[in-house]
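Participant: Protein chains in written order, with my numbering: chain A, 1 to 80; chain B, 1001 to 1402.
The hints are simulated quantities; they were obtained by calculation from the structure and are not laboratory data. Treat the hints with care, as some may be off.
Claimed, not checked - Computed beta-carbon distance windows for the label pairs: (1) A:N36 with B:T1179: 56 to 66 Å; (2) B:N1380 with A:N36: 28 to 38 Å; (3) A:S41 with B:S1138: 42 to 52 Å.
Every residue, glycine too, gets a C-beta built ideally from N, C-alpha and C.
Listed below are the residues making up each chain.
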Amino acid sequence: MDLQESVRFDVDVGEALKRMNEKNKQLFDRKIAEYNNKFNSPEAKEYFRHLVAAMMLEYNEYFGDYSEREHNELFWRTWL
Amino acid sequence: MKENITSYFGGHGYSVECTYRLKSKRSLIHKIIKYINNDEKHIPSSSDEYDFDISPIVDVFAMNFILTGRSESFYYKDPEIERLIAEEKENQYFASEMKNFATRLINTDNPSKPNFLYEVTKKEYYERCIQILDRLISVLPPEATSVIEKYTEQKESFRKVLNFIEETMPDEDILVDETDYPTEGFNVGFIRLLDSFYSRIHDKLDLAVLTIQVNSLFSNSDLLEKFGVQLIDFEEKRTESGYVANFIHLSTPYGNIEFQLQSKSQYIDGNTGHSAHTRMEGKEIKGIKIPNPDDSEEVKKYKMSVSYVSPKFGIAMIDRLKIDNVILQELGDFMNYVRVLRQVREGEDLNAVDAYAAKLKSISNRIFSSSGSSMEISRNDILKYLREHSFNDKKDLEGPSL
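Please model the complete structure; the sequences and the hints are all you need to start from.
Facilitator: Okay, structure coming up:
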């Protein structure tokens, strides 16, 4: 279900739209479509997932448990 | 192995939990309407094309770092951090004294089944309660006026009891009894206050350290720079309900996003405690009538309604078996919905929500098709993704108009 369909389910939104003038209704539709295309697109979701993962990795790289990483490196070097 | 110089400055040993979410459709639509309505006075009378700046909507996608482990030693030459360290140390001495008193209230030899003790005098008990309330009020953010008011009322109530004891039984050592301790669960008044105090005295420093760390990542990380991310704004949010969080607003090729930073207890309080999000007007989520699973129309409407009101939640964690991997777990429709319903205020009855969730869970496989998903993204995956996509030229992708 996209956002335009969602509007039918929300009584508060229906009331708000009734009170809007035509220009604002058109603006509302444009903004809904814009956010739907940008934030609900597969490309956007892929971007955000990679960004979240990058944040976690960078944080752990700089501030995480260094000794654990060092231990893992030494362990695998010795084992191999 | 890349040298991590921060380890020489006591900069290692931190851990964060990361949650992220895509805003619910309901929340997004309400916000757009709110901004359109606020700006109606600017509508030009004769223009055919009119657009509207809704860049303040910065949290369609949001992520949250919750500091769960802080290194015991760190060295930041920052006057505010130094001040917070001194404040924490001072409060720690007081907390230790209060903790010693607490051990006289509860026997925890069997930690999973503690039992109350009645060995201290009422006078001492209420004196300590007032003492800790005074100190707790002093460490609260000044903006947390409704929390301060709540604690002040509690202090006045304890003061009245103490005055009565001192006036009517000044020479008697009357011991506490069940009337001085709440009868439900582990929530003995003093113990609960002590827990709150412990959280508060660590919170400020935790949040300040986390904020410095995350800000420095955006300034220095080559990897994050390749995502075309820019820091545009910083906000400290402190509300009258005691809500505490720092917000970093980021500009990305897909629009602005919100990055929230909190300590663990700030995160818990903001979700289920006194400062819960659902206490804000218009934010409450009510349970939708559970459909008959044999009625396909009812099920269809129910699924659409649930999808409309529920954010999409995800959790990210470092794979401890391979620390260059991140595991992302995204919740299914059932868990997204129940998670929001469970964000009730402290003191409210969760039983009704639990009963609803249990009933829904028993038929969830007949209603919901999505049970969530999990994936892993490694550092190599990210590098490959960035080689295939270029985000530094922002003209390629336009976010919401700024």
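Participant: Is it true that the C-beta distance of N36 of chain A to T1179 of chain B lies inside 56 to 66 Å, as the hint says?
Facilitator: holds, 59 Å
Participant: Cβ-Cβ distance between S41 of chain A and S1138 of chain B: within 42 to 52 Å?
Facilitator: holds, 50 Å
Participant: With 28 to 38 Å as the target window, see if N1380 of chain B and N36 of chain A comply at their CB atoms.
Facilitator: At 32 Å between Cβs, range holds.
Checked against the numbered hints above, the structure breaks none of them.
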